Amino acid sequence: MVVPPHPDGAVIEAPSRPAVSLSLEHIVKRFGTVVALSDATLRARPGTVHALLGANGAGKSTLMNIAFGLLRPDGGTTLLDGKSTTLTSPRAAIAAGIGMVHQHFTIVPAMTVAENVALGRRGPYHADVSRERVRMIGAQTGLALDPDARAGSLPIGLQQRLEIVKALAVGARVLILDEPTAVLAPAEVVDLLAALKRLANDGGTIILITHRLPEALAVADDVTVLRDGVTTWSGPAADSTQESLAAAMLGTAEPVDGEKARSGAAQSGPPRIVANGVTLEDDRGVQRIRGATLEVRSGEILGIAAIEGSGQHELLLALAGRLPPAAGTLTLPTRIGLVPADRQRQALVLDFTLFENVALRGAGAARGRIGWRSVENHAEDLLRSYAIRARDAWEAADSLSGGNQQRLVVARELDGDPQAFIADNPTRGLDIAATAAVHAHLRAARDAGAAVVLYSSDLDEVLALADRIVVLHAGEAREVPANRELVGRAMLGAT
Amino acid sequence: MRRLARAGVVLAALLLGVLLLGAALGAAGYDAPRALRALWNGSLGSSYALTSSTLVRMVPLALTGLAVALAFRAGVWNIGADGQLLVGAACAMAVGLGTTGFPGSLSLTLALIAGAVGGGAWAWIAAVLRTRFHVFEVITTIMLNFIALDLVAYLVRGPLQEPTHAYPQTVALREAARMPRLLPNSRLHAGLLIAVLAALVIWWVLRTTATGFRIRTAGSNPEAARVAGQIDVVRLTHRALVSSGALAGLAGAIEVTGVTFALYEDISPGYGYTAIAVALLAGLDPLGVLGAAFLFAALESGALAMQREAGVPSVVVAVVEGALILFALVVARPGHRAWMARSRPQRAVNRTAESRS
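For the record, the sequence lines run as chains X and Y. To convert, note that position 133 of the first sequence is 133 in our numbering; the numbers rise steadily by one, no gaps. Adding 1000 to a residue's 1-based position in the second sequence gives its number in our numbering.
Derived by calculation from the structure, the hints in this document are not laboratory data. Quantities reported herein were computed from a predicted structural model and do not represent experimental measurements. Careful, some of the hints might be misleading.
[Claimed, not checked] Here are some of the chain Y residues that sit facing chain X, going by a computed Cβ distance under 8 angstroms:
id	residue
1	Ala-1032
2	Arg-1181
3	Asn-1185
4	Thr-1209
5	Ser-1220
6	Glu-1265
7	Pro-1269
8	Tyr-1273
9	Ala-1277
10	Leu-1280
[What the hints assert, rightly or not] From chain Y, some residues computed to sit far from chain X (all C-beta separations above 10 angstroms):
id	residue
11	Ile-1125
12	Glu-1175
13	Thr-1208
14	Ala-1210
15	Val-1227
16	Gln-1230
17	Ile-1231
18	Asp-1232
[What the hints assert, rightly or not] Here are the simulated distance ranges between beta carbons:
id	chain 1	residue 1	chain 2	residue 2	range
19	Y	Leu-1329	X	Arg-43	50 to 58 angstroms
20	X	Glu-479	Y	Thr-1131	36 to 44 angstroms
21	X	Ser-374	Y	Ile-1139	40 to 48 angstroms
22	Y	Asp-1031	X	Arg-369	53 to 61 angstroms
23	X	Ala-365	Y	His-1134	20 to 28 angstroms
24	X	Arg-369	Y	Ile-1139	35 to 43 angstroms
25	Y	Val-1234	X	Leu-119	26 to 34 angstroms
26	X	Arg-369	Y	Arg-1003	51 to 59 angstroms
Glycine included, C-beta positions come from ideal geometry on N, C-alpha and C.
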């Protein structure tokens, strides 16, 4: 089914290799004091597509990185074709016939497809042999590529296909794909899943990491579900439903009463943010949000619930006026505060002083001279009122702890009573006290009449704070009642 | 103040470098004391050397150094100051020679403006390639250096060649249209004032204005500038690169109107490349650029004297310059630290002391 490596490059044939199984038994993996995997088991049978499901942080990628030799497990065994194996490096994994397609591609854009496929091989490069290999794999698997196309000029779907072909070209019989559909357009997803199915029918073993339930059920023969580093479900796809898988992924925590969190007095007012059929593209031109229609009213917190890669970051940037829509209309107020997803990269200039970072908000529209003295005094006021632990406003932002950096961002963005406040994972990495402080600020902004939009990768945080909830799945937005089970299933695309 | 501390480090490194140079020359069989004496006499040792050689050489180094520092502060890697200088010189010469009917000072002014516009336009090519087509400016600005050199070579053999067609150069600029002299019996010209003024203006803009703040932000963290600052980083860096080219072009215009008075191929001994070293040694600080440009100008002036008087190849001074840059880069981190953090005022520290007690 696949072309074995030919160091001399002379002969090209495709003897069928025996299919292999890969079993990971009771894997344990710790990072310092954090237990990423405590009892993870996955048994991939030859000739099948095996879906590995789990919410964010469930340990899917960690487990697969162990299977590919990138990480060493602290416990448990890896069985390849029933034989206990220790994979010390990706090189060893590749030699054992395991290939992995990462979320971030590893192709060389300036090289042709054939050259990329030849990379990592020993011995001289024979262009004709490599081209022929690409054509051969295409003919056998349906993963056709033009061997002479420049890799960087291929659309995303074909770049991913090239990654798969690369793995097959070095003899992969077990192929691990880490959330391959997250970057693809819907039509490309259909092509990919069909190709994976064909590879499995030809005797390959495919492990597909995903958190989209319909996809998993459409293509997988077997399903394994991880939650918090433990295998919570494992068995044939035919025996599972979207409901049972969602329950296995999310658990059955106590339902959180969204109303309980409300301070009471605030009533939602007129709409401040109105999005009508908004379509958004990321900086590579890939569509991330399709035709989103929603409104956010003054005095309410709109919670956004989504699994990673659903387009939430693009949506929040657009609602904050930082990303113009590719289609549709977006009505925004003038004063918008934004806590972006990555505070160190998107919110702060780490080698600037604290007051320069305060001046960063609105810097794009500032004119003439900046009154640094008054900015400094203002920054000192913010440091005091938000209890930011810093020596003074002259300190560089990178000398602050993560929690204090986040407080500074929140303080800056809430400054001047914004009409809208957009927060992307505002408590990520914060301790309990800092988290509580951010929550209090979000509620206070809401009660002061701001239209607040909150996304958190922690579903329970969204449920606790939000007055209404919009779920994003595969680029589509829809409002869902604030009920943990309903929201959870909508996030995973269950219908 | 950090700026003074940095200057101290650089001077210590200089002293060390010169001592090393002397030792190396001695070991190689040269008359080291004589060579070092020539180095001193040719740079700072006499008022003539100082005003007619070192300070004259400092002007193009300072202006191109400022050009590089401004671009680097904005996060644009302009390696093309030399080409921008050449194009600026060519434009200035064309205008200077083409306005013979004008009063001299007007002709000079137009020539300087033409130089800045020409250098800016040359950098604009790289800026457009960067913003529209995502071509890395390090490549394009270097390539444009070679094209500029060929352009000047063509001009001085074609449209701008002197009438006898014997030499690859233009005719000399008439005296009235030249840069005024600052001192009698010296080659020092008013370009020095322009360079100092440019440094002060850039320093002031970066430090106090919203535009300067945007430039520093875009250079330090373009992503935060875009997301948190809502700064149009693409447009900003485009303009910074064009402005940088204009400064380098101005350097070329001043060189032909103040020093060479004619255009020929080798009017620049690589000023635009040395400018990168000047800017880095200065930590991308516009006022520091003046000091670093003076230092490099003195070293190179002295090196020429050393070659004349002691037979030592002038390139050995490149060893001192290289050692200087390496030392300065290692000891004092250049550039991208916040402007303000360098000059935390005493009162802020005192306030902290009070609040802690």
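Each hint tested on the structure:
no. : hint                                         : result
1   : Ala-1032                                     : violated, 43 angstroms
2   : Arg-1181                                     : violated, 36 angstroms
3   : Asn-1185                                     : violated, 43 angstroms
4   : Thr-1209                                     : holds, 5 angstroms
5   : Ser-1220                                     : holds, 5 angstroms
6   : Glu-1265                                     : violated, 35 angstroms
7   : Pro-1269                                     : violated, 35 angstroms
8   : Tyr-1273                                     : violated, 27 angstroms
9   : Ala-1277                                     : violated, 23 angstroms
10  : Leu-1280                                     : violated, 17 angstroms
11  : Ile-1125                                     : holds, 23 angstroms
12  : Glu-1175                                     : holds, 42 angstroms
13  : Thr-1208                                     : violated, 5 angstroms
14  : Ala-1210                                     : violated, 4 angstroms
15  : Val-1227                                     : violated, 4 angstroms
16  : Gln-1230                                     : violated, 4 angstroms
17  : Ile-1231                                     : violated, 4 angstroms
18  : Asp-1232                                     : violated, 7 angstroms
19  : Leu-1329(Y) / Arg-43(X): 50 to 58 angstroms  : holds, 56 angstroms
20  : Glu-479(X) / Thr-1131(Y): 36 to 44 angstroms : holds, 40 angstroms
21  : Ser-374(X) / Ile-1139(Y): 40 to 48 angstroms : holds, 44 angstroms
22  : Asp-1031(Y) / Arg-369(X): 53 to 61 angstroms : holds, 57 angstroms
23  : Ala-365(X) / His-1134(Y): 20 to 28 angstroms : holds, 27 angstroms
24  : Arg-369(X) / Ile-1139(Y): 35 to 43 angstroms : holds, 37 angstroms
25  : Val-1234(Y) / Leu-119(X): 26 to 34 angstroms : holds, 33 angstroms
26  : Arg-369(X) / Arg-1003(Y): 51 to 59 angstroms : violated, 22 angstroms
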